[in-house]
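Given chain E's structure and the hints, the job is docking chain U onto it.
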Amino acid sequence: DQQVKQNSPSLSVQEGRISILNCDYTNSMFDYFLWYKKYPAEGPTFLISISSIKDKNEDGRFTVFLNKSAKHLSLHIVPSQPGDSAVYFCAASRGEGGSEKLVFGKGTKLTVNP
Amino acid sequence: DTAVSQTPKYLVTQMGNDKSIKCEQNLGHDTMYWYKQDSKKFLKIMFSYNNKELIINETVPNRFSPKSPDKAHLNLHINSLELGDSAVYFCASSHWRSTNEKLFFGSGTQLSVL
Chain E
1 DQQVKQNSPS LSVQEGRISI LNCDYTNSMF DYFLWYKKYP AEGPTFLISI
51 SSIKDKNEDG RFTVFLNKSA KHLSLHIVPS QPGDSAVYFC AASRGEGGSE
101 KLVFGKGTKL TVNP
Chain U
1001 DTAVSQTPKY LVTQMGNDKS IKCEQNLGHD TMYWYKQDSK KFLKIMFSYN
1051 NKELIINETV PNRFSPKSPD KAHLNLHINS LELGDSAVYF CASSHWRSTN
1101 EKLFFGSGTQ LSVL
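For the record, the sequence lines run as chains E and U.
Heads up, the first sequence is in my numbering, so the first residue is 1 and it goes up one at a time.
Heads up, the second sequence is in my numbering, so the first residue is 1001 and it goes up one at a time.
Taking CB as the label site, the calculated pair distances span:
(1) U:Pro1069 x E:Glu42: 24 to 30 Å
(2) E:Asp59 x U:Trp1096: 22 to 28 Å
(3) E:Glu42 x U:Ser1039: 18 to 24 Å
(4) U:Ser1080 x E:Gln14: 45 to 51 Å
(5) E:Asp59 x U:Arg1063: 39 to 45 Å
(6) U:Asp1038 x E:Asp59: 27 to 33 Å
(7) E:Pro82 x U:Gln1110: 24 to 30 Å
Hint data in this document are derived by calculation from the structure and do not stem from the laboratory.
Note that CB positions come from ideal geometry on N, CA and C, so glycine has one too.
For reference, chain E alone in the conformation it holds in the complex (with noise of 0.2 Å):
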C-alpha cells in the first residue's frame, strides 16, 4: 500500500545544473506535503513544505511544486551543489497539525556531481 511513490531511486545531476526529484500519491485526503533530506548515518531533517492550498512554495534554492489534479508534487534545486548529495524522502499527511501521521516515500538518492 505506497500512498507516497518516489519511482526514481536514485539521480545524477551536473554541479550548477537543476534537480527535479518527483512524488506522486495516491491518497485524495492527503493536503500537507513535505520534503526531508538525509545525509548517510543521520537522521532526516525537513526541507521545504507546501499545503494544497498552494501549488508553489520556495525557499531559496529549494522550490516544491504541487499538482493536485495528478496528484503530483516535485522538488527543484536551483543551482544543484555538491553539498545537496543526499536521500530525499518526500512525505505527506491529512491536515496540517499534527506531525503523527506522516507517510513517507521510499526516497530518492540524489548525486550532484562537481
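What follows is chain U alone, placed relative to chain E:
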C-alpha cells in the same frame, strides 16, 4: 548538543534475543515517535507518545514495546528478535499538533538480527 539522540547506533544480535534502543530529546517537545526504515527503504511510523501516553500504535507485533518514562525519553524494547526485525529504527520528536516540519529525527539505530 544533539537534539534527538538514540543509542546504540548499531546493534547486532542473534534471533530470539531481547534488546532495547534508547532515545532522548532535549528540545522540550511533548511528543515522541519511533519510525522503522525497512529493507525496501520505506520510513513507517510505529508508535507515537504524547506526554508519556501512547497515541499511535500502528500494526506492530506486540514483541515491540515502547516505554516513555518522561516526556524527554522514549525507549523501544524488542522481545524475541526475528530476522525480519532487521532495519534502521529512527526516533523523532515534535510539539503535539505542530506543523509537520517540526519533526526532528535522531540519527538512527541499525539493527541486524542474525
